[in-house]
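Given chain A, put chain B in place with the hints provided.
Protein chains in written order, with the working numbering: chain A, 1 to 446; chain B, 1 to 446.
No lab work stands behind these hints: they were computed from the structure. Some hints could be false.
A pair holds if it fits inside one copy or across any two, identical chains being indistinguishable in the list.
No farther apart than 25 Å at their CA atoms in a straight line, the calculated lysine to any residue pairs in the SDA-like style are these [said to hold, decoys possible]:
no., residue 1, residue 2
1, Lys49, Thr84
2, Lys251, Tyr190
3, Lys354, Ala85
4, Lys338, Pro407
5, Lys354, Gly177
6, Lys256, Gly382
7, Lys354, Ile178
8, Lys4, Pro142
9, Lys282, Gly177
10, Lys282, Glu175
11, Lys4, Gly353
12, Lys282, Thr174
13, Lys354, Arg412
14, Lys354, Thr174
15, Lys49, Leu254
16, Lys4, Thr239
17, Lys49, Ser302
18, Lys354, Ala140
19, Lys256, Leu314
20, Lys354, Glu175
21, Lys223, Glu279
What follows is each chain in one-letter form.
Number of protein chains: 2
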Amino acid sequence: MSRKTFHLNAFLMGVGHHEAAWRHPRTDAHRVLDVRQFQNLARIAERGKLDSVFFADTLAVGPRIERNTLAVFEPVTLLSAIATATERIGLIATASTSYNEPFNLARKFASLDHISAGRAGWNIVTSGSVDEAYNFGLDAIPEHARRYERAEEFVDVAVALWDSWESEAIVLDTEAGIFADPSRVHTLDYAGERFRVRGPLNSPRGPQGRPLLVQAGSSESGKEFAAHRAEAVFTAQRTVEDGVRFYRDLKSRLAKYGRAEHELKVLPGLVPFIADTVEEAKALEQEFTDLISPDYALRQLSSMLGVDLTAHALDAPLPPLPAESEIQGGKSRFTLVKELAETEDLTVRQLIGKLGGGRGHRTFAGTPEQVADELQTWFEAGAADGFNIMPPYLPGGLEDFVDRVVPILQERGLFRADYESTTLRGHYGLDPVESQFAPRDSRVSA
Amino acid sequence: MSRKTFHLNAFLMGVGHHEAAWRHPRTDAHRVLDVRQFQNLARIAERGKLDSVFFADTLAVGPRIERNTLAVFEPVTLLSAIATATERIGLIATASTSYNEPFNLARKFASLDHISAGRAGWNIVTSGSVDEAYNFGLDAIPEHARRYERAEEFVDVAVALWDSWESEAIVLDTEAGIFADPSRVHTLDYAGERFRVRGPLNSPRGPQGRPLLVQAGSSESGKEFAAHRAEAVFTAQRTVEDGVRFYRDLKSRLAKYGRAEHELKVLPGLVPFIADTVEEAKALEQEFTDLISPDYALRQLSSMLGVDLTAHALDAPLPPLPAESEIQGGKSRFTLVKELAETEDLTVRQLIGKLGGGRGHRTFAGTPEQVADELQTWFEAGAADGFNIMPPYLPGGLEDFVDRVVPILQERGLFRADYESTTLRGHYGLDPVESQFAPRDSRVSA
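Same shape as in the complex, but just chain A (with noise of 0.2 Å):
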C-alpha cells in the first residue's frame, strides 16, 4: 500500500470565519460583493498548491442581516468565475439536495467540470434551517431522516445522470454527419419515491465523470451518508481523541459499501491564527474575540441550536436543551456545541467567544511551526487524511497558512511541492469514474 497522502482544503467564506472578521482593520468588508476577491483567494490557495477551495451555502439569510456579512454569492457561479482564473486547484461547491431538481443540480456541476477542465466538487447538503425551508413553500425544517432519505435518492438519480454519456459518447465524425453514438447515451427512466427522471442529461461527460463528492454533516444519518457516497468529509473536531474516534468510525463503515478506505478523505476544520510568536498569535485571536457582538452572537448561537437564546443571560450557563433525537436541523453541530459548553462547563458568553473563530471548528494560535505541529501530529496519530483550512480572516489568514505554514509541510514531505495531477478527483488520489452504463471492457480499472 502507497503512504497515505496529506490534502489541504481552503474553506473561504467572505472575509474571513471569524464572525467579527469584516469589522477588523485586517480586511476590508467591502470585498463581500467582489469576485475579484474570490479569484484572489483562489490563486493564493493555488500558489500552496492546496488541493481545493470550498464555498458552503444556506438559502437563507438567517440571523446575520444586520450583524454580520453574508455569502453573496451562488457558489457554482461563483466557481466558474473562479475557474477561469485559476488552472489546477480544485473548486468545491455546496449545493442542497432539499431545495433542488437532480436534473439541473447535475447539469450545473457537469458545466463547472467542463468549464473548470475536471475541478469540480459537489458538497453535499440537506439543508437544516427552518429559514431555508420557509423560503420553499415549506413551514417547518423536513424531519432529519426524510432529509438524508430524500439525499440518498437524489444522489442516485444525479450520478445517474452524469453517466448518461459514457466518455465515448462523442463521436464528430462530420463526413459522415455523426455527432454521438446512440448506443453511448442512455435514457435512465428514472422512477423512484421522489423523483421521475428520464434523462440523459443535456451535457456530455465531464472530465472528472464525476464531481467529486463531499459531505460534512457527522450524525448517525451523516456518517452513513458518508461512507456510502462521499469522497472527502469536512468535518468538526475538538480534540485529537475526537477525531481519532470519528475517523476510525467513518472508515470502519466503509466496507460495508465496497469500499476501501482510501476512497473517503477526512479532513477535521482548523482556524488558525498565525504569528511571530505564539503571544502574537493569541493577541491577534483575542482582538477578533473582542470584536464579537454580543446579540448577534445569541442569534447565532439560538440558530445552530435550534433553540431561542437572544433573551438569555450572557454570564449564565447554557438552559438545558433537548436530547439531539429530537432536533430536526443539523443534529452534529447541535451535539458538538452542547458538549463543548457542558464538559469546559462555559457560560454563554464563553461559549460565543470559543464559537466566534470557526462555529464549533477547532480555533488553533500559535506560530507557523506549531501550526504545522498540529496538523503533522493529528495527520500521524490517524485523526485525519488532511485539513479543512478556515482562515479567521482573509486574505491575511489564507497568506499566512500557504507562504508561512505550507513550506514547512513540504520541507517534512508531508504535503505535495508541485501538483501531480490536472484533476480535482486526482488531487485527493482518486481516479476518473466511467459511467456505470458502459460496457465492462471499456470500464476503467481503479
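Positioned in the frame of chain A, the structure of chain B alone reads:
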C-alpha cells in the same frame, strides 16, 4: 422625444445556428465543449460594441443526440465564466419558470449581476417540449396557459426577491458593528397559488437592481406576458410587413400595464450569410444546406411542430396539421413553420432547407452593405428596435458581422461607436430599478 436607438444582440449557439454548422470546414465542432470558444465569441461581440450576447437553453437533449451538437453549458454558469473575460457587453441567459424554484433562480441571476458588475439578463422561458417534462417528473407538457400563469407568478416572486434588498441596505459600519440596515432588507411573506416564499434573498441588490427581463414567445399569451414583463423581445419574423405588424401589436399592449414604448425593445432574428458578392454569399449558404442530414432535420421539425414526421416523405408537402389552439408546446414557432410551408407551397425537403439556418428565423445572404441595408430597412419601417443576430457558423459568421457590417451601421449613424453605459440595462436605454419596498423619496426617478 429622443431619437430611437438601435440595438444588437448576438445569439450564440454551439458552433453556429445552422443545424449543419458543425459539419462545415469553417467550424471546429470540438469547440462546443470549450469554454474559451464562448469567451472568445463574447470578446468579438464586445469589439463590435454589441449590446449583449445571449444563450438559449432547453432542459433536455431532445432529438439532437445523434445528429447535432447540443448546448453543453448551463447558461448562467457559462456567462459567469464569460463575465470575467469581458468588460462591457451584456450577458443574457435563458432559464425556465416551469422547472426552477424562484429563490434559486433569483439568487443565481443576482450572483451573475454582481460578478459582471451589472450586465445580467434573464430570458424567461416556460419550456414547451415534452422531453423537458420527462426530466422533471411529468408525463406531458404542462398546458400552455398554465405555464404562462406559473411564469407570471414566478416573475412576481423573483422580482420581489431582487427587491428585498434596497440599494442602500448595506451599511458596513465596522465601528458600530452594523453590516446591514434591517429596515432596508425586507421579508416578502409571499403566499400565492403556486409559491410560498418568505425571503429576503440571500444576496444584496445587484448593480442593475434586477436583471434585464427578456422574452421570446410570440403566441397570444407570450405577447401579453412580454407586454407586462419584458424589456426586450426576441422574435422570428419572415417579412418586414409581418415585422411591422408584430411590432405595432406588441407596443400597443404596453399602455395598459402603464409602460412606455421605449421600455420594451423588439429584436427580430436574422441569420446572415456574408460574402464579398451576393453570389458568393448564396453559394456559402448552399454549402450549409447541402450538409443537412434529412433524418435529423425531420426529427427536429417533428419536435418544432409536436407532430411525428420521421416517416413522412421528403418530397411531399406537410400533412394536415392541428390548429394552434390544440398545441401545448411552443405555439408561435408552430404557426411560423406552418405558415411558411403553406404560403410558399413547400415540400418537406424544401421546408427543411429553409429552416436549417435559424429554425424559422429570417436567413439573408448578401454583401456587408446589403446586410446593413436590410437591417436599416426593417429599423426605419418600424419593424424593429434592433436585431438578434444569429451567426450561421462560428466564430467566422460573427467576425464577419462585427468587422464588416457593424462599421457600416456606425458610419450611417445607426449604431453606437462606443459603449455609453457600463450595464446591460444602460445599453438598452433603461435605468437601474429601485426596490418596490424602498421609501418613495429614495427611488430613482425614471
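Here's how the hints hold up against the structure:
1. Lys49 with Thr84: both (17 Å within a copy, 23 Å between copies)
2. Lys251 with Tyr190: Answer is neither; intra-copy 31 Å and inter-copy 45 Å both fail.
3. Lys354 with Ala85: neither (35 Å within a copy, 42 Å between copies)
4. Lys338 with Pro407: Neither way: lysine 338 and proline 407 sit 37 Å apart in one copy and 69 Å across, limit 25 Å.
5. Lys354 with Gly177: between (64 Å within a copy, 19 Å between copies)
6. Lys256 with Gly382: Answer is within; shortest intra-copy Cα gap is 21 Å, inter-copy 70 Å.
7. Lys354 with Ile178: Between copies only: 22 Å across chains, 62 Å inside a chain, cut-off 25 Å.
8. Lys4 with Pro142: Neither, since 39 Å and 54 Å both go past 25 Å.
9. Lys282 with Gly177: For lysine 282 and glycine 177, the Cα distance is within 25 Å only across copies (22 Å; inside one copy 67 Å).
10. Lys282 with Glu175: Classified as between; 22 Å across copies, 69 Å inside a copy.
11. Lys4 with Gly353: So lysine 4 and glycine 353 fail the 25 Å test inside a copy (35 Å) and across (61 Å) alike.
12. Lys282 with Thr174: Classified as between; 22 Å across copies, 66 Å inside a copy.
13. Lys354 with Arg412: Neither: 31 Å inside a chain and 68 Å across chains, both beyond 25 Å.
14. Lys354 with Thr174: Intra 63 Å, inter 21 Å, cutoff 25 Å: inter-copy only.
15. Lys49 with Leu254: Neither: 29 Å inside a copy, 56 Å across copies.
16. Lys4 with Thr239: within (21 Å within a copy, 69 Å between copies)
17. Lys49 with Ser302: neither (38 Å within a copy, 52 Å between copies)
18. Lys354 with Ala140: neither (30 Å within a copy, 55 Å between copies)
19. Lys256 with Leu314: neither (46 Å within a copy, 58 Å between copies)
20. Lys354 with Glu175: Between copies only: 22 Å across, 67 Å inside.
21. Lys223 with Glu279: Neither: 38 Å inside a chain and 69 Å across chains, both beyond 25 Å.
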